[in-house]
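S.K.: If you read the sequences in order, they're chains C, Y and H.
Using the numbering used here, the letters of the first sequence correspond one by one to residues 1 to 211.
Using the numbering used here, the letters of the second sequence correspond one by one to residues 1001 to 1224.
Using the numbering used here, the letters of the third sequence correspond one by one to residues 2001 to 2259.
To be clear, the hints were calculated from the coordinates, so they are not data collected in a lab.
Treat the hints loosely; a few may be bogus.
[Stated by the list, open to error] Here chain H is said to cover these stretches of chain Y; the calculated rule only asks that three of the stretch's residues, wherever they fall, bring their Cβ under 8 Å from a Cβ of chain H:
id	stretch
1	1125-1132
2	1212-1219
[Stated by the list, open to error] The list that follows gives simulated cross-link-like pairs (lysine-lysine, DSS-like), each with its CA atoms no further than 25 Å apart:
id	chain 1	residue 1	chain 2	residue 2
3	Y	LYS1215	H	LYS2147
4	C	LYS111	C	LYS139
5	C	LYS111	Y	LYS1150
6	Y	LYS1215	Y	LYS1150
Just so you know, even glycine gets a beta-carbon here, dropped at the ideal spot from N, CA and C.
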Amino acid sequence: MWDGEAAVAALPTVLEGFGVTLVATVLGFAVAAVLGLALALIQRAGPVWLALPVRGAAGFVRSTPLLVQLFAVWVLVPGLDAPVLGVLVLGVHYATYLSEVYRTGIDAVPKGQWEACTALSLPRRRVWRAVVLPQAVRKVLPPLGNYAVSMFKETPLLSVITVHEMVHEANTYGSTHFAYLESFTLAAAVFLLASWPTSVLVRRLEARLAH
Amino acid sequence: MADFLPELGRAAPRLADGLLVTVEATVLGAALALVLAYALGLLSRSARPPVRGAARLVVEFFRGTSLYVQLFWLFFALPMLGFRLEPLACGVLALGLNFGAYGSEVVRGAVAAVPRAQTEAAIALGMGPALRLRRVVLPQAHALMVAPFKNLLIQLLKATPLLSLVTVPDLTFQIDQLRSSTGATAASYLLLLGLYFGLAVVLSLGMNALERAAKARAGQEGGV
Amino acid sequence: MPTEDLAVRFDRVTKRYGDHTVLDGLDLEVARGERVTLIGPSGSGKTTILRLLMTLERVTDGVIHVAGQPFSHMPGRTPGKLVPASERHLAGRRRRIGMVFQQFNLFPHMSVLDNVVEAPVHVLGESRDEAARRARDLLELVGLADKVDARPTRLSGGQQQRVAIARALAMRPEILLLDEVTSALDPELVAEVLDVLRDVAHRTDITLLCVTHEMGFARDVSDRILMFDGGRIIESGPADELLEAPTEERTRAFLGSVR
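Can you build the whole structure from these sequences, using the hints too?
M.R.: What follows is the structure in structure tokens.
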């Protein structure tokens, strides 16, 4: 049965893990946001010999399980610290989702905008930086927010490569103190408390940008 | 590599078993998720605020608490309350609850996207609420659900390796055994990724066919 | 007029959306078999009257009676007191009324025939064969006998609207509401729809309430025309009189603008 004292005792450990979870999410998402944009731009504006293989590789990474990718990279790429490797794999996996988000956002910029740029003879760099990307951002921000939240909820996977994030900590604490019920319930509560407000914020943002 | 192929041949029956478990978890998880998605999605459009509120609460809870925690909670914590489920049942339940919550948003959105005028036309023909939903709104909403459901189904498939962490002998579990017995790490994981990719492609193609059929039935462009 | 001879009676009906009053204490009586056309500038509350009758909206105040019985309301627990109608009360009574919409609102996932057959089978409980036979007759009446198996989205606007008319008639309504049924049509398709409606008006004794900007049609089918402005009837009379010699300045201005 539920033991209040055990829950209180488990709290510091779980919260320590939450710190790691949060850092992994922020860093992983930074990697995903930058790499995702690069993937989108290559597929959209890069030379065909590069765009096609990149699209294929991104599709493969997107369609295969993150867990298996983590295992594979962990065993096959020695010499990297678990947290660094975890953040990189998480970042690359989500970059393949985000590149689709960026592509949709870029495609949503009306054709007339491109034609106006041609009519003004704007250089290509300027077209992207000053016209297309600023307009695409409106479409892109809400889904980026949603992916940040779902990445946050997928970070427990990093525990399989020994990163001491929250679920790993909850598991260890649960097994050493025989308090699985308390430690995992706490972890669930922390996830809920952190992700629900964020989801609400994203929905607000979506409503505001819709106009 | 020279040792790997004969080992692979010997391990083939176990890999087939693992593949079957993965497919089983995907199909059962998706079936449970589909039922929950409909129930929660329709209830969260109820005219009664308490019903709507309760449905929203359940959805937010299972969306917000992370599939991983839900699975581990069912496997490790639930027995401490006196309920012990089979590992596969834990997995199917966690997948169903989590993806059911996400799917309910799809159902809710699709039903909301059917024009209000369709409901009004049904009212003008004397159709009651249940008949309107069954005969007019849902058939049109289905066509809008297939594409988002396809994404969720692929996500669900990709989440099944998690079950190997709670001792379910799925594809990942079996190939991991093969890897440790042969030491052919690269080959094992490449094979594993390739198999999941193949499964994802098969699901994708199936759902695409379903989407074309649903759109044709709903009388949308591109239909026959 | 004795109330049982009235198809429709609005008793001090008010409809407000927030602070905006669309209908303000409206009294309106329509006799059985009477054809009434509502005209007036947009936003004057004409369409709201049809939507209230079809129960697509609820009244804010006042009571609507249909066939001499309370319609928007039903008897409450206290004798003599009326309370807003429940969904069940409405479900039984709205079958007397049919409606044709500006945007047709055909069901895109059903064939033309199924659109017409749907409600007789599932609401009235008719057998499918019987309903299909009648549906074919009605589609013949509206000139679409060759389109029974087509999808609505493959039809022109005029054809879709004629299917919608057949669909409404299939329920054998005592009262038919026509809400700007030609407003969404290209000009060359208006005539085919109006011809069908003239035909329906002449062949049946159905009570008609229509909102339209087609004054020629209004003159052909209506016994009475009501001019609306600001949620009130400002002038009413026989079609010829009101169209030829309106007494109100606002009616004259409105008629001048639509001709």
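S.K.: Indicate, hint by hint, whether the structure satisfies it.
M.R.: Here's how the hints hold up against the structure:
Only residues whose C-beta sits within less than 8 Å of a C-beta in chain H count toward coverage, and the stretch 1125-1132 of chain Y has 6 of them, enough to reach three; the restraint holds. Judged by the Cβ-Cβ criterion of 8 Å, the stretch 1212-1219 of chain Y is covered by chain H as claimed, because 3 of its residues qualify and three suffice. Between LYS1215(Y) and LYS2147(H) the alpha-carbon distance is near 21 Å, which keeps this suggested pair within the 25 Å criterion. For the proposed pair LYS111(C) and LYS139(C), the alpha carbon gap of about 16 Å is at most 25 Å, so the pair holds.
With a C-alpha separation of about 29 Å, the suggested pair LYS111(C) and LYS1150(Y) falls outside the 25 Å cut-off, and the hint is violated. About 14 Å separates the Cα atoms of LYS1215(Y) and LYS1150(Y), which keeps this hinted pair within 25 Å; it holds.
The structure fails hint 5 only (numbered hints given earlier).
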